[in-house]
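With chain X's structure known, arrange chain C on it following the hints.
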Amino acid sequence: MKAKIIVTPKKAVLDPQGKTVQTALEHMGYRGVKAVHVGKYLEIELDGTDKEAARQQLNEAAHKFLSNPVIEDYKLEIE
Amino acid sequence: MNFVVLQFPASNCDQDAVHGVRVLGHSARLVWHKESSLGDADAVIVPGGFSYGDYLRCGAIARFSPVMQAVKQFAENGGLVLGICNGFQVLTEAGLLPGALIRNRDLQFHCEHIYLKTVTNDSPFTSQIPSGKILRIPIAHGEGCYFADEQTLAGLKANNQILWQYCDASGNITDTANPNGALQNIAGICNEKRNVAGLMPHPERACEPLLGSADGKLIFESVIHALQSRLAKAA
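As you go down the protein sequences, you meet chains X and C in turn.
Residue 79, in the working numbering, is where the first sequence stops; the numbers in between run on with no holes.
Residue 314, in the working numbering, is where the second sequence stops; the numbers in between run on with no holes.
The shape of chain X in the complex, shown without the other chains (with noise of 0.2 Å):
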């Protein structure tokens, strides 16, 4: 099983890489940017064939550790 985690900044928390990538774009001639938003991405290979047990397992990495709550959100998707 893969596990791939997106991790991004909540909305409220200032991006200055993903505002930064936006103003590149614009420079770049790329029309109809409404926002970037600049995050991480994990890919976890796993054993086992138990999705809903890597599925709990994760969100409680994810949320202890992998993100932090404060600042980010996160998906999480098992494949």
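Heads up, none of these hints are tricks.
Pair ranges (Cβ atoms, derived): (1) Ser-308/C to Ala-12/X: 37 to 45 Å; (2) Glu-155/C to Ala-12/X: 26 to 34 Å; (3) Arg-184/C to Ile-44/X: 30 to 38 Å.
Simulated from the structure, these hints should not be mistaken for lab results.
Heads up, the beta-carbon is just placed ideally off N, CA and C, and yes, glycines get one too.
Okay, now just chain C, sitting in the frame of chain X:
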């Protein structure tokens, strides 16, 4: 007094902190991150640096080290803990201080002297700073922008937990004087119990005139004063 200075892989202000304490005539020793006990400690300094390479997030991995479990216990028992720079980040990640430190708003690493206004003398970390004194202390960080949600920020203000704010040389809290975009120019805070504090600037790098400023001493002297008062009360 006996200060313990933690040492993580890639701590780089640990020796400076030890030196700063010794300059004041007190003893300090390093405790490695794998230790599960602090030993004989009156106060703990979590020093600056790039613990565990700042991987994942600054301080995110250090908070799970064995020594941090001992620091949590020490803080729960009322022990004084001061986090400097990366140490501040570690303490927020560990939940010992509220909020978080994020990337500087201009994405630049700032290494310069800044001015600090002490917001309150009512803490073991600020009691000996003369009222109205503006501290000149260096910063050196890329992720020092203090953030907290509205509710947390309101709590910090209500409980008088904001200890230091970035200001100009005359003590005005302005946006120009804010090096990293920190909310309300916050440079340092303490917890509700007032025994754990963190700040992004480096007082240990400003303990001798030779270093360009000795203002940082006032913070360590405050801690020492608080410890001595505790001892006197206990006697």
